[in-house]
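Undergrad: Chains as they are written, first to last, in the working numbering: chain R, 1 to 370; chain W, 1001 to 1310.
These are computed hints drawn from the structure, not numbers from a lab.
Do not take every clue at face value.
Said to hold, decoys possible - In silico contact screen, one side only, chain W against chain R (beta carbon under 7 Å); selected entries:
id : residue
1  : 1076
2  : 1078
3  : 1081
4  : 1089
5  : 1091
6  : 1100
7  : 1104
8  : 1108
9  : 1270
Ideal placement from N, C-alpha and C gives every residue a C-beta, glycine not left out.
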Amino acid sequence: MNLRHIGADFRIVSRTYLRNGAALFFSLIFPVILILLFGAIFSNSGSTAVGLEVLNEDHNSPVSSAFMNALNNTSIVKVSLVTDSSVTPSNFAAWLGQNGYAVGLVIPDGFGANFSEKRPTNLTLYENPEDPSAAGSATGAIQGVASYFNLAAAGGSPIVALGPTEKVGSQIYTYIDYLIPGLIGFTILTSPMFSMVDVTNSYRKEGIFRQLSLTPLTRAEWLTSRILWYVLLGFVTTAIMVGAGVGIFGAHVTLTLGLLPFLAVGPFLFVSLGMLAGSAAKTPESAAIIGNIITFPMMFLSGTFFPVSEFPAWLQPVAKVLPLYYVIDGMNQVMLFQNTGRALLDLLVILVIAIVFFLAAIRLFRWRDE
Amino acid sequence: MAGSIEVHGLVKRYGSLTAVNGINFEVPAGSVFSFLGPNGAGKTTTTEILEGLRQKTDGSVSVLGLDPWSQGAELHRRIGVIPQEFRFFDKITPREAIEYYRALFHTGADPKKILAQVELLDKIDSRYDTLSGGQKQKLGLALALTNDPEICFLDEPTTGLDPHARRAIWEVIRALKRDGRTVFLTTHYLEEAEILADRVAIIHQGNIIAAGTPQEIIREYGRPARMRVNGSPELADYLARKLGVQAAAEGGRIEIDLHRKEDALRVLFALDASGLPWDSFATEQDTLEDVFIRLVGRMDDGALKSGAAG
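Using the sequences and the accompanying hints, generate a full structural model.
TA: See below:
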């Protein structure tokens, strides 16, 4: 390992990269687009309430108004009162269907009077079988409010009550907070993998490796300068993504020094793996296939977009054999949960895998033919 | 040490295929040696074995006193190579490429000086992917010179280049020889070998079928010199009778073999004495290309046995 060789090769890699518009776009702009896209899709969770059409036959009754208010306050359903005077309980079901509504509720005439005199009233719920989850949410909300009214009518007070909801972790986290470490992992995986698989194969085909084999540059030096470049690129993309996440979506991310080893070992691992995959393949086509077979499962199953704990039980062990899982889990531990012990274990796992891949890559990879 | 390159009984087999079948040659230090042969004759295989890029099957190979395969690292510091179809990083300029090689070889080479030598100074800051074929090849040559090599291996350095670019590369090769470097040149253009090489070897199906200076090979394997004049069949008959040689008119052209220099004078006197109209006389000699085509053609017809090397 000669530092001057690595430095000279690093300048070639960085210039090649910086002068290539597509490469730069995918490594710097694409992660920001991902943050914006996923952040926008998942961050406004307030609009998930189920729309509930209510046909109120109990006009001008304070009790029915209070009942509808209570339903709205659950945040589970959003009540909209049917104002069309031609709609009656007998044509309500047809009207819901014609207008594409999933759930409807009829409050019959005399609901308020019955409540005051503690006489039972039956509310009628209409549901669209095509949307069982909306119906389920509405049923739960209505039953909850009805129980509360029954209790009030009986003159009792609640014994068991649910306090304000707290989020998992030490602070108040939202989806975007989990998304940032996942997307950092995503870029640490994809930008070296796709480019290394391609470069390893095309440089061999074009004879550039042959050319380099006639210089004092060694394979280990060649691979090291690429690792250093992708580490640097990882730092820059991480800064951009954290900046976008915090600036646009108000993400809560702690930037600790503990993140640095993951940003260094991650590219070390995937640059080596990319070179291994690229040199194992004989043709550019098979290199692309091998690269995709390795990359795609990791892209989606390592907790990049969704936490692994939300996966079905049978899928979770699959995630745990993927190296990227440990990169992302480790970053979650240092950025969100301050769990140093588990982070160190994750780091050890990826470091060992990275060293194995590095040694295998320079061993398997040939500048020259036998 | 007699030669920069010494090859004895070199054999290379790929499975059951024998690419190089026990060849011998020497390249004296400071000379230009040209290695010729049709495609698939074993040229590139031999060159790559000398460069340490391929392992030999049998025989002995010494380049600058080193074994190219096991002492490749040391050898590569002392030789320069332009491979066939030189390729480099698309977005890198000639200046950066030479700075890169300079750092790898730990030399103090000046990019401007080297690029001026190969006539590429005007493209010093142009990216590789904007260079023409000839300019790319010149960059390859410039890189091969960055480590001040004792031997330059040039594998078809002018293939696909326009005549002007080819001549520019020839000038560089002549300059290399003037600097006292050994040049090992493979080429498809026999004219190039004839002009540049001190010695040539022709390889065919893994065997060297002719070796020596271009003139020696032409003398040994070429046809005699000929004189050609434009004239009628009557003139051809007259010359044949008068000189006692073969002379036939084809499409108004008469060819007469010249076995000795004096024969040319005898032909001219006979022409003058004939009293018949004639014009445009010229003497013709086989070129290396004529000899090469005939030799290889004869080998392919099976007329010559292998091992006819001179």
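Undergrad: Are the hints correct? Go through all of them and say.
TA: Okay, the hints, checked on the actual structure:
| no. | hint | verdict |
| --- | --- | --- |
| 1 | 1076 | 5 Å, holds |
| 2 | 1078 | 11 Å, violated |
| 3 | 1081 | 5 Å, holds |
| 4 | 1089 | 5 Å, holds |
| 5 | 1091 | 4 Å, holds |
| 6 | 1100 | 5 Å, holds |
| 7 | 1104 | 5 Å, holds |
| 8 | 1108 | 13 Å, violated |
| 9 | 1270 | 59 Å, violated |
The structure does not agree with the numbered hints 2, 8, 9 stated previously, though it agrees with the rest.
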